[in-house]
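Those protein sequences? They're chains A and B, same order as listed. Its first residue numbered 1, the first sequence is counted upward by one per residue in this note's numbering. Its first residue numbered 582, the second sequence is counted upward by one per residue in this note's numbering.
By construction, these hints were calculated from the structure, which means they are not laboratory data. Positions of the beta carbon are idealized from the N, C-alpha and C atoms, including for glycine. Check each hint, because a few of them may be wrong.
Here are the simulated lysine-lysine pairs, BS3-like style, with alpha carbons at most 30 Å apart [unchecked claim]:
#1 B:Lys682 <-> A:Lys118
#2 B:Lys665 <-> A:Lys431
#3 A:Lys36 <-> B:Lys668
#4 A:Lys118 <-> B:Lys718
#5 B:Lys718 <-> A:Lys33
#6 B:Lys665 <-> A:Lys314
#7 A:Lys428 <-> A:Lys226
#8 B:Lys710 <-> A:Lys565
#9 A:Lys118 <-> B:Lys710
#10 B:Lys638 <-> A:Lys10
#11 B:Lys696 <-> A:Lys446
#12 A:Lys138 <-> B:Lys638
#13 A:Lys118 <-> B:Lys696
#14 B:Lys668 <-> A:Lys314
#15 A:Lys36 <-> B:Lys718
#16 A:Lys298 <-> A:Lys403
With beta-carbon atoms standing in for the labels, derived distance ranges [unchecked claim]:
#17 A:Phe296 <-> B:Gly652: 17 to 25 Å
#18 A:Glu360 <-> B:Asp707: 57 to 65 Å
#19 A:Pro380 <-> B:Val673: 46 to 54 Å
#20 A:Lys356 <-> B:Ser675: 56 to 64 Å
#21 A:Glu142 <-> B:Gly652: 24 to 32 Å
What follows is the residue order along each chain.
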Amino acid sequence: MGEQQEEQPKVGVFICQCGINIGGVVNVPQVTKYAKTLPNVAYAEDNIYTCSAEGIDKIKAAIKAYNLNRVVVASCTPRTHEPLFRGACVDAGVNPYLFELANIREHCSWVHMREPEKATEKAKDIVRMAVARASFLKPQQESEVPVDPTALIIGGGISGMTSALCLANQGFKVYLAEREPELGGMLRKIYRLYPTDDDALKVTDVAVNDVMNHKSINVLTSTNIKSVDGYIGNFEVTAVRNGEETKFKVGTVIIATGAVEFKPVGMYGYDTYDRVLTQVELEKVFQSGKEAMDKFYKPQRVAMIQCVGAREDKPPRAYCSRICCMVAIKNAGVIKQWYPDSEVYIIYQDMQTYGKDYEEHHQRAKETNIKFINYTKDKPPEVTPLPDNRLKVTVYHALLGQKRELDCDLVVLSTPLVPHESSKELSKTLKVPLGQDEFFLEAHVKLRPVDFATDGIYVCGTAHGPKDIGESLSQAYAVSSRAAGPMANRKVRTEAITAVVDPERCIGCRMCEKLCPFGAHRIEEGKSTVIDALCKGCGVCAGACLRRAIAMRHFTDDQIMAEVKTAFLTELPKPPEAPTK
Amino acid sequence: MTEQFEPRILGFLCNWCSYAGADLAGVSRISYPTNIRIIRTMCSGRVDPLHVLQAFKEGIDGVLVTGCHPGDCHYITGNYACEKRVKFLKDVLSQVGIDPKRLRLEWVSASEGGKFARIVKEMIEDVRKLGPSPLRKELPESAPQQ
Chain A
1 MGEQQEEQPK VGVFICQCGI NIGGVVNVPQ VTKYAKTLPN VAYAEDNIYT CSAEGIDKIK
61 AAIKAYNLNR VVVASCTPRT HEPLFRGACV DAGVNPYLFE LANIREHCSW VHMREPEKAT
121 EKAKDIVRMA VARASFLKPQ QESEVPVDPT ALIIGGGISG MTSALCLANQ GFKVYLAERE
181 PELGGMLRKI YRLYPTDDDA LKVTDVAVND VMNHKSINVL TSTNIKSVDG YIGNFEVTAV
241 RNGEETKFKV GTVIIATGAV EFKPVGMYGY DTYDRVLTQV ELEKVFQSGK EAMDKFYKPQ
301 RVAMIQCVGA REDKPPRAYC SRICCMVAIK NAGVIKQWYP DSEVYIIYQD MQTYGKDYEE
361 HHQRAKETNI KFINYTKDKP PEVTPLPDNR LKVTVYHALL GQKRELDCDL VVLSTPLVPH
421 ESSKELSKTL KVPLGQDEFF LEAHVKLRPV DFATDGIYVC GTAHGPKDIG ESLSQAYAVS
481 SRAAGPMANR KVRTEAITAV VDPERCIGCR MCEKLCPFGA HRIEEGKSTV IDALCKGCGV
541 CAGACLRRAI AMRHFTDDQI MAEVKTAFLT ELPKPPEAPT K
Chain B
582 MTEQFEPRIL GFLCNWCSYA GADLAGVSRI SYPTNIRIIR TMCSGRVDPL HVLQAFKEGI
642 DGVLVTGCHP GDCHYITGNY ACEKRVKFLK DVLSQVGIDP KRLRLEWVSA SEGGKFARIV
702 KEMIEDVRKL GPSPLRKELP ESAPQQ
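Okay, chain A solo, but in the shape it has when bound (with noise of 0.2 Å):
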């Protein structure tokens, strides 16, 4: 194949009628015999259907018979064809990047039916273009990398540890990173959850047993992750623990950072009054058991403030954190169930109980006599110091459009999650991007909703956004299985179709790096070089290079100047030119 590329091109030319669809409006005799004038054109001829088998054998029979080295296929869009095409190429011998789509139906026929004398004339440009375009073309291989069967976990929590556990099932080696002296993350903080009212802590630690008494799975405490270098495959990773560093290869690596709760500080008197909580405090407070409540806070009166801190105008905290509703209504239940001779109040924007048996939850509340107080976010409610450790909130109700007081013995405050401070550290040394929010950004919210845009990377749980236990768990399957895909084929394929640095030209100013969507681009000792198991193809590197440094497999300028230059005939046909190297 390597010959070809030193070779005068020969280009063989094979015009489709299409039945009527091109032949019933393009003039193609005329056309095929047009192509036989251009230069490096070797042969040229025209057939009814050049995809049937028949069209497909004459095109291998040509190449064999002329010596043909580059084969135009004057006919539909490539974006159907063209494997069929290039699968004929190969099977005589030829490159399958040396095969050439010109579009003649789709982006003419079909389209000036009416004018068939012009469409002619543009078939021809087509050609010519297209002829001029494969008289450049080189052959390109697609290759393979080899794929580390290992997966380097970061988090601990329950969507980290239900990741672990379903990747070490299916036989791959895990490396499971945790920050934190033990496992277990934001659960070990919680006392029951919604909507079962299960024990939280024994969740964890159900799962925390299955993990330690895992053989595949190796947990690492109290370990931060320092670098992450390499590509889908074969990533290394430095990881510290307790001042001393250790090095491990993955194949592929899990976000699993999760999130914490936003502390509302200088709101609702937070930090002024003792019996203003967090949800999460109070879940706290719940798990020391009711006898210990009831020391500090045996409360009659309980007022819940949803939305603090959430749903601002503005971001990062623009979200609605997607769990506090159900949260409060948990939580209210727990009150009503220890103190039942207590009020407790939701004062809330809009209850948002989503989905399966989340809603049926929000009416038992109201059967249970938890009362629903709606403000709006322009009238915000106030808290107050009362004598005795109490305090008044005073709200506008405004469905009921009055101003209500409460005596209330104890505030809690629904704030949102937020991500972990870590995570934009961890975002620089992975190279994966966050969201205006700063939590981890995918690669798209509904085609790809745990990968990033960078291969053998996936995100998950909470560090992806707020999410409940049962969210959580879906996505730690999720990204088990898309992580699985590549180990369990021991390889990925590359694209052939990448950008190549020319180390010459490029002096390092980073434009490629910063604008490559797929961290392909390393700056290697002040010079830019491509991993091709990362590169997409996409061009937008070459075409921002200011060096012109970047050459973009099968997309060369050469080409696409090729393409340029003959797209309307402005002046005689040129003689033969040589592609440049």
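With the hints as your guide, set chain B onto chain A.
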């Protein structure tokens, strides 16, 4: 001059959205005039300012660049890079005496065959109003007919 001026338009279409949109125009048999020639790139972000400038240098009367809608780019952010470049190019064009209206950027999705055809029609009419490019080249009269 009795004959109407026929603008020459060159289109750079990204493979994933706009080229597929142009295909759909064909599949749906939505006709538009024959003035446009199309170059396929994988992403609108591949279009180099030099490709566009070369097109104008060749005497082409108008250049259309189309990509995926914001947020829909197959390569995540390639179309944003393209948008910046087109803005920059419009500046350059106006400085060298080429009306920046001769360069147009549009977002066309794979489902917008009708939109693609409409844009091509609009662009041809707009460029027709502007008249031939100051760099317009004509085939020598002695040239044999194609």
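Checked against the structure, which of the hints given earlier come out wrong? 3, 17
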